[in-house]
Structures are given as structure tokens and as C-alpha cells.
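Q: Spelled out, the chains give:
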Amino acid sequence: MSLLTVEIAAAGYGPATVLHEVGFEVATGGRLVVLGANGAGKTTLLRTISGLTTVDGSIRLDGTELVGLAPHRIAGAGIAHVPQGRGTFGDLTVRENLLVGGATRPGRAAAADADRWMERFPRLGERAARPAAGLSGGEQQLLAIARALMSTPRLLLLDEPSLGLAPKVTSELFSTLDELCGETGTAMLLVEQNAELALGIAETALVIESGRITVRGSAAELRDNDDVRRAYLGV
Amino acid sequence: MLLQQIADGVATGAIYGALALAIVLVYRASRTLNFAQGELALLGAYVSWQLVAWGVPLWTALAISMIALGALSAASERVLVRPLVRRHQPLPLIIVTLGLMIALNAVIGWAWTYQTKEVPALFGEGAVTVAGIALSRQDLGIAATVLVVAIGLGLLFERTRAGLRMRAAISAPESAELSGISTGRTMTAGWAIAGAVGALAGTLIAPELFLHPGMMAPVLLYAFAAATLGGLESPPGALVGGIAVGVVENLAGSYLPHGSDFKQVVALVIIVAVLLVRPQGMFGRREVVRV
Amino acid sequence: MTATTTRASTARSGRERGRSRDSLAAWLRRPRPPLAPPRWLAVLATAAGAIALAVVPLVNPSYINLTLTLVMIWTIVGLGLNLLVGFGGQVSLGHSAFFAIGAYAVAVGGAAGLPHPATLAGAAVVPFVVGYLVGLPALRLHGLQLGLVTLAMAMATPAAIRALEPLTQGSRGIAIDGSPPAWVPLAHDQWVYYLALALATVAYVVTRRLARGRLGRSFVAVRDAEVVAETLGVDVWHTKTRLFAASAAYAGVAGGLYAMLLEFIGPENFSLTLSISFVTLIVVGGLATVPGAVLGALFVQYVPTLTSSISPAATGAAYGVVLILFAFFVPFGLVGLARAALGRIVARLPGARGT
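Chains as they are written, first to last, in the working numbering: chain A, 82 to 316; chain B, 118 to 408; chain C, 38 to 392.
Any given hint could turn out to be false.
[What the hints assert, rightly or not] Chain A regions said to be covered by chain B (calculated; three or more residues, Cβ under 8 angstroms): (1) 169-178; (2) 184-195.
[What the hints assert, rightly or not] Part of the chain B face toward chain A, derived, beta carbon under 7 angstroms: (3) Ala285; (4) Ser288; (5) Ala289; (6) Ser299.
No lab work stands behind these hints, which were simulated from the structure alone.
Glycine included, C-beta positions come from ideal geometry on N, C-alpha and C.
One chain only, chain A, in its complex shape (with noise of 0.2 angstroms):
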């Protein structure tokens, strides 16, 4: 049973289209890596999930119809996208930046899991009443995907969780994520530019190029076709 089901034939902004007859699935607890170059639409791919684009087509979690929704409706069925930039709270505290991912859960059960999350991380828990906005570039990430599994979210939407950190934070950061998902069994669609450290907690990939799928396969499949080798890998 897939978790989301994506077929999109058009979105964008406005008129604008960004994304033309794009259409996969997401597997219940599983992690889908979307590649692909700048301004190929992938942000928008993520965009269009959450409801901040113009969308022609079906999206759906768990059979439920999320195209029309509202994006805080769409975050309250069960998807918690960190977007690019993190989208941190800069004025908030840290704790409170954590709550706010619990806004819609129970306020107790929020505040519980904040002050967990604060422990597992103390990095965090440190600056529990401090600005967001002090943090550093990994500390806000870590942050910001804390944030989102605060939600208890059926499906985790991560935009270039490494961009702007140094490498070491980011192969740190993706062994942190990998290891999350697994203990939660959260679902996780993960668009990047690191495609080495993507394809390695991922189990299916796909490429974009131009709005459209151009490449789709499981991460081995992906690591090994020579196109996406000498595009994304560097190789």
C-alpha cells in the first residue's frame, strides 16, 4: 500500500507551469530521493505536496484527497515538510520552535516530546530559551527536522537539508536523519543536491529535469546508471 500517490499534470505559479505530468509514489515508511539541478522544479515538487502552488491533478495521502487544501490542512493530515532554508523561527526560542511543529497535536503531548527531543539533541536542549536565530546553520536544521517530526508526520518533506552546511555537519546530519526515520518508520520524500549521501539512506530515487521525471529506479539502480553518475555524482 503506497502512503502518497502523486499524478500531477500541471503546476506552477499562477500561470507560470513548473511541473508538467509528474507522477510516482511514496511507500508507507518509505524514502524516496528526488534529484535533479537547479531550478528543475524540485522545491516546487515539494511545494505543490504542501499546497503552495497551483496544482492540476491528484495528490493523495492514504487515499485522502490533498489537492484544494489548504497547506495548514495539508500539514494537519500528516505531512511535515522543513523547507529550503529550514524556516526557522528566528525570534522564537528554541523550545518554542519545537511547539509550534506540535501545534497541532495536544498540548501536553507536545511539550512532552519537546523536552525529549531536547534531550536526545542537547545541542538544542542547551539553547532550550534562547532565539532560534542564534543558532548555527546545522543546529537550525537539526532544528528544523526536530520541528517537523514534532507533528508525528506520516510523510517527512525535506528540501536540501545541506545546503549551506560544511560537509562533516551534513554526512552527521544524514546519519542523524536515517536513523530517526527508521525509529519512527516516518515515510520521507528528500530532494538534494548531495546525491552520494541521498542515494545512501534512500531506497528509490528519481530525476528531474525540466519539470518532467527523466530517470526513476531504486537508489542502487540510480548509483549505477552512468547518465546520473556523471551528472550527480561527480563521477
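Could you slot chains B and C onto chain A? The hints should help.
A: Relative to chain A, chains B and C alone:
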């Protein structure tokens, strides 16, 4: 004498601060100024007055008025403002709230005539003398009421989940929406609170100025000066700004020639000077202008 | 890749329904080119209009001349304000202040014994200079802040007039002798009428040239994309400041004529209501259109006369409702409506100049 003047300025200043607070709440919610804020407050004053005239106890009347004006303010956000905020056009927004301002004023004039109405003091007559300064019961009551409301709002924003949602929506609207927060709802909530606080300000100031349809125009000017002084984004800044403007206004009225006329010019000067020299106000942080 | 499913087509038809539902609103909001009447019609209409306007004051009772002169005065303000707001994209809710400065320039100049050509020139120059000085700092502010500052200006104007009593005679008001020079064989109302007609005509022609010329294009460039205009070599700040000053000068001249027409003015003539009626004028007439100033002027002159017979509150209510409705549904004002209604008819007339 000077201390007395300052003390007198604090109470009216608290009211300016309350109206400035309403302006700030709207600005934070929708990034726009509601030029009708003064007339909404005026309507609140008339509703309170009318209910009291019908025999409703004063504090009940005030509560009803605050709820009614909160609802009206929320409705005007929903119907008139949000479609234009979504279109990202500043000029139609300005025109619409300006239109609302004169339409409301006309409705008030039509419903209650242009005659001045006398409003009894809310906190009784008489004064308390502290260290040689006479503090009227009225002034003390006003300052205390505004303080209580300010503390209540502070607790609402800082200590409740609803307040957290509103702050998140202001801080990063799209991220808030992606976290399952309806930014439309938090916007409307901001306007509703602003409407209620405005109704309070109008009701409090009515006994000081006598109730008539032109009452709120100069008060709105002072409130804009106060909100600007506080940086337009900071609720505590609006309150402190209001008290500062109240004190300056009172001193200008007493010590400048043609003082009562110069007062309004002083408010204009404050607005211009703050926007030019320190647009983030006393409390705001400098914001990068988005292109 | 699967084809679109049934659900998908439902979503699509839902979108189309939405489109047809707001089609009337969209139709009203569509920008349209100015009417392009055939040359014979344009010449004929202009000639007929000119003759009518020239003859009218000679045959009318003076109170009709008074209202017609007011229409021309409002037209001048509207032309200038629309240049600023419509073409320049700068908000001013404070043009009553410049109108007042112009009026008091004529009043104070006249009291000092200056002849009217000089005082009217002063009514243009003084607001221009004040507008420039105000504009220099104020135009660093963006839309909303400028709206706030200018609104505060309008609100403080009557108080400022009272406070400057030695110059303005404060709330006692000040008298102006608006009668024509001895060599002009006209009554007071006719004299001011012709003055206003001449100045309004000049203002109209100048504005049309500005709006269509290089300067007008640089204004619009600044309005639509300030940063882009800057990189294209438009001096944004200077352009804005000059525009603001020019627009203040229009209002000042109109104020000067107003003082000459009424022959007695006081602080209460220059209240916030006046500024609001200026804004209503350009919104109703049509933002960024030149003829809009005339239609808007007719509106603000005659609608209050109609409504005030209903109730003293009706004028404010009418302005408020009209402002809201026009901002939502008729962004190009009465001129936009006229273009929508007459565009096809005019294009079909013999000798029409294409689109």
C-alpha cells in the same frame, strides 16, 4: 507643577497606548495600518454609552462593547482586508481602510447624531494626593485598567498555545502554515483583539473628551505617533510610546503658545522624526527592507 | 506515468468553475487602453467643449459658476494627485495641506498688497518648495509609512493654521479680495471662472504630456519596479521628490484659486475631510488616467450636494462605500468603466484610428 503635568499625561497616554496597541496588533497580523482603528474605537465608545443609557451596568456594557467590536474588526479583516493582503497591493489597502474610516464615522453620526454627549466618569469623582501630586480616581482607574489589559495580553501571547501560534504566524508565516497553523485564523484573531482593545480605549477616553463623532480623530493621530515611537511591531513599545506621547502632549499643551493646537503638530513631528531617524522605534529591531 | 484520474479531472473542473464565477470582477479589473476616437470626433468634441466652457459663465447665475469653478479647482488637484499616486505610485493622504498652503499664499500675499498674478504664482511656488522639502526625507519611506505621514499632515493642518496665527489670523479666518483688475469687464465669479478654466486647461495639457512623455515613463518605471528603474539609470529618489513637489504645486494653485473664489477662508476649510475627498476623487475618476481627474472632480462636487439633502451623514457614507467598492472592483475608476463601455463603439466609428 511639572510633576503634576507629567502625572496627568500618563493617564491619557495610557489610552493612546491602548489604541496604539490595537494599531500594532493589526500591523503585526497583516503588515498594514488600519486607518479605521480610531473609528472602530469610537463605535466601541458609543456602544458602551448606549448600553449604559439603557441601564446595563458599566463593566458589562464595556465587555459587550469589546466583544462586539472585536467581532466587527475580525469581520472587516476577513471581508475587506485579506483579499487585498493576498494581492500584495498597498494602495488599495490604504484606500479600503480609509473608506471604512469615513463610512464608520458617517454611520455613527447617523445613528447617534453629531451632538456631544456627556459621559459620566467611569471611576468616580475625586482625587488621591500622593507626595503633593493630585491623582484623580479617573486617571488612576484608567492607568490600572490599561495595565491589567496589557498584562493579560502579554500572558496570552507569551504563555498560551494560541499566543504561540500567533507569534509563529507573525515570525514566519509560511513555516507556520507548514506546521499546521492556519495563518488566516491567527490574522483574524489579531484583528479581533485589536478591535476589542480599541473599544476599551474609546470607552475609557469618552468621559475625558465628551463623546461626539469627531472625538477620535486627534486621538488616532496621537496613537499613530505612539505606535511609531514604539516601532509599529512591539506591543510594549506601543504602550510606552503612548505614555510618552501623552506626557509630551500635556506638556506642550501647557507650556507652548497656542499649545492646544501645537499638540497635534507635535504628534506629526514625532511620527516624521521617528520614521526618518529610527524607523524601528524605541524597541523594534531593524528590519531589512524586502524588495 | 499514469494519466490523470477521475479525481484529477474533478479538481480541474472545480478550478474552471471558480474562474467563470469571478469573471465579472475580472472583466472590471482588466486594464484597457484609452479611447481612440476618430480625429474628426476628437476635434469636434474638443471644439464644442471649449465653446461651451467659454460661454457658460456669461449666461449662468453666479452660484452655478461657483460650482463649475470648484469642479475645475478639484480637477487641478486631481491631476496633480493622480500624477503622484496613479502614475508615481506614491501615496499621499495629505494634499489638503498643500491646498491650504496655496490658499494662504494668496490670502497672505493679497493682504500684503501683492497683485493676483504674483500671489497665484506664490500659490504654486511655495507648495512646490514645501513639497520638495517634505518629499526629500519623506520619500525614503515606503508606501504605508508615507501614507501615515501624509495622513498625519492632513490631520494636523487645521491645528497648524490656528497655531500660525500671526500669519494666518488663526481661527478668525482671513479675507481675500478676488475681484478682477479694473480693466477686466467681468463679475467676480466670471473672472475666477476664467482664471480656473485657463489654469485647469494648462494643467490638463501639461499632465497629459508628462504622463505620456519620457518623464511619465520614468515615473511609471519607478512605481512598478524601483530597483529595476534604478539600474536603468532613473534617479529614483530625485524623480520621486520632483514628482511629489510638482503634485504639491498643482494642489497649491488650486488652493489659491479656491481662496480667490471664496474670498474668505479659515482653518475649518482644510480638514481631513478635504484630503479624503481628494483621494476619493482620483479613485473614483480612475487612478493613472488623465481624464479621470475631471470625472472625479464632478463626483466630489455634485455627489455631496445630492447626499447632504438625505442626511448629514450620507456624504461620508457614500464616500466610504464608494472608496471600498472601487478599490475592490473598479481599479481604473469611471474612466475605466467608460473605456469598457465605449471602447468597441468608438472603434467602429468611421475613421477610427485602429486600436
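Q: Tell me the hint numbers this structure goes against, listed in increasing order.
A: Of the numbered hints, all hold.
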